[in-house]
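Number of protein chains: 2
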Amino acid sequence: MKNVVALAGGVGGAKLVLGLAHNLPTENLTVIVNTGDDFTHLGLRICPDVDTICYTLAGLSNQTSGWGRKDDTWNCLKSLIKLDSLSWFQIGDKDLALHLERTRLLALGQDLTQVTQTLCEKLDVKTIVYPMTNEKVSTIIETDEYGDLPFQEYFVKHQFRPKLRNYKFEGIKNAKLTNETKKALNQADIVVICPSNPWLSIMPILEVENCKEILSKKTTIAVSPIVGNSAIKGPAAKIFFELGIVPSAFEVARIYKEIIKGYVLDTKNQNECDTISSWGIIPFVTDTIMSNESSKKRLAADVFRFAVKILEESTT
Amino acid sequence: MKNVVALAGGVGGAKLVLGLAHNLPTENLTVIVNTGDDFTHLGLRICPDVDTICYTLAGLSNQTSGWGRKDDTWNCLKSLIKLDSLSWFQIGDKDLALHLERTRLLALGQDLTQVTQTLCEKLDVKTIVYPMTNEKVSTIIETDEYGDLPFQEYFVKHQFRPKLRNYKFEGIKNAKLTNETKKALNQADIVVICPSNPWLSIMPILEVENCKEILSKKTTIAVSPIVGNSAIKGPAAKIFFELGIVPSAFEVARIYKEIIKGYVLDTKNQNECDTISSWGIIPFVTDTIMSNESSKKRLAADVFRFAVKILEESTT
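Residue numbers (this note's numbering), protein chains in the order written: chain W, 1 to 316; chain F, 1 to 316.
Please note: incorrect hints may appear among the correct ones.
No copy labels: a pair is met if it fits in one copy or bridges any two.
Derived pair list, reagent style DSSO-like, types lysine-lysine, alpha-carbon separation capped at 30 Å [what the hints assert, rightly or not]:
1. 82 with 70
2. 2 with 176
3. 82 with 297
4. 257 with 182
5. 82 with 126
6. 212 with 78
7. 136 with 163
8. 70 with 238
9. 182 with 309
10. 82 with 122
11. 78 with 126
12. 297 with 163
13. 122 with 78
14. 126 with 168
15. 82 with 309
16. 78 with 176
17. 78 with 157
18. 183 with 173
19. 70 with 182
20. 309 with 78
Hints were generated in silico from the structure; no laboratory data involved.
Given only the sequences and the hints, what does the whole structure look like? Please build it.
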């Protein structure tokens, strides 16, 4: 069986990761997750993308909201509101436990990789999930309206309304691939870049140390988060416009141009295949919308088969 | 109207404080609360005695358990248990908000007095509640079985089962009376030592700086936490036995001997009045069990009248 590493951000990434987990033996899938949107809130270390991936794999995610746990309650939050405390980042009572325990384990001196492994075990998540790095990286959104905004303030507090002028990943220069992510990447036959926001969810992972260089030597394929010219969820399409670019599948592929060998795009973007091919990237057109369990599995199976085909063609 | 300062620990103290709050104008009552049993749990600064006092005054306390909030839920705790996290100290979902907000405000650099004032305002507590000090003091219980135990581990985790060999207040030498407690004590006409555990709830307050000396110059009276030879709640009677003393009201009075002018004891301990009188302390016998709102008010009114009488007799 081929070893697959998936790079993922939040919701879109989690959907494909779940599909991959259904298609691959546990030992052949490793997920490396963006931690650029991690932050400290009410003294708690919160890793929104890691949490979304873990809750999704554990069958605990709230699929309606796209964040937090299903069937959660809000009694702590309601009491925080009565105390005029911070309440813009909504944490459910059950969800709180994960952040408390992560913060506790980190305070004991464990690194984020160890802590994530422990939490995955307790949540009965079999798939290996690694944070992209153990160092702190903070995605900062530069806006005219509010100046520099930490990602969660931009994304949640301001509901990604402010115009993004630019973005940066604070701490990225000191961020190292971990022994675990290095080993997983080295052993990977295939790397799948999930349909997450290319700048804000995937780029932080690619910018860690020599990650890009490693991926460029692998059978790396990406899945487009753009359908037609909009994003299924989140600010990706809006940011394209703000950067002066009409959103499209090939504009995402352009970002990954130097590292991907294959690119999966939606049937609605079929006419973009020529552009992608002209860059030496093999396109694969399919329905990329994952609205239920079976479409997640189906897309993941398609993506895997497509990648295996590229891999096999490149080695013969 | 006379100014009253009440010194209080947890449950017993809270009951009398509530009674005093019903009997006195807001501006004439200040409560100074033990913080020796404060601790950090799951990264949260928890002040059990301050919380009990504040929740009681806010009408939010759980009177059945004697700690936490009434009508609380336990979803975070249940999730912590599933994560094999720390769960021996049970924090309800609503209760959590208070600890999160306190920890957040302390991290912003506010001192515990300011933070407590803010939290009281938000909880709509009108009575002035001060922690005994802003510095950290940790009551440590010395046991044969487990060695040195921080108070909450002794009290909650081990349900005060281990035999107490001795106790100490770590950090007490660096603890200062705050400007607020100094002012309240200086302006006090009457100081009431509430029926809390004399060693573990009241002694830490008395040991802060020159608190004892200030009290010895005031009309200070204490209310016995012992009825017959048992304590209404908590380990007071058990500790007496472990220290080789048969528990009684006068044994508590002996602890306060140098600072109190009057002593309120239960009708069940009436025959101890002679001993107390022989130390120059004026005894006052009444029913000290506060099982409902009216008995709290009634005892508080009795205590206040008794103190005023001593005060007036001493000044004429």
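Status of each hint after checking the structure:
| no. | hint | result |
| --- | --- | --- |
| 1 | 82 with 70 | both (24 Å within a copy, 16 Å between copies) |
| 2 | 2 with 176 | within (26 Å within a copy, 66 Å between copies) |
| 3 | 82 with 297 | between (44 Å within a copy, 29 Å between copies) |
| 4 | 257 with 182 | within (22 Å within a copy, 70 Å between copies) |
| 5 | 82 with 126 | between (39 Å within a copy, 16 Å between copies) |
| 6 | 212 with 78 | neither (44 Å within a copy, 42 Å between copies) |
| 7 | 136 with 163 | within (25 Å within a copy, 46 Å between copies) |
| 8 | 70 with 238 | within (28 Å within a copy, 47 Å between copies) |
| 9 | 182 with 309 | within (24 Å within a copy, 79 Å between copies) |
| 10 | 82 with 122 | between (32 Å within a copy, 7 Å between copies) |
| 11 | 78 with 126 | between (34 Å within a copy, 22 Å between copies) |
| 12 | 297 with 163 | neither (35 Å within a copy, 60 Å between copies) |
| 13 | 122 with 78 | both (27 Å within a copy, 13 Å between copies) |
| 14 | 126 with 168 | neither (33 Å within a copy, 47 Å between copies) |
| 15 | 82 with 309 | neither (57 Å within a copy, 42 Å between copies) |
| 16 | 78 with 176 | neither (39 Å within a copy, 36 Å between copies) |
| 17 | 78 with 157 | both (17 Å within a copy, 29 Å between copies) |
| 18 | 183 with 173 | within (21 Å within a copy, 53 Å between copies) |
| 19 | 70 with 182 | neither (33 Å within a copy, 51 Å between copies) |
| 20 | 309 with 78 | neither (52 Å within a copy, 47 Å between copies) |
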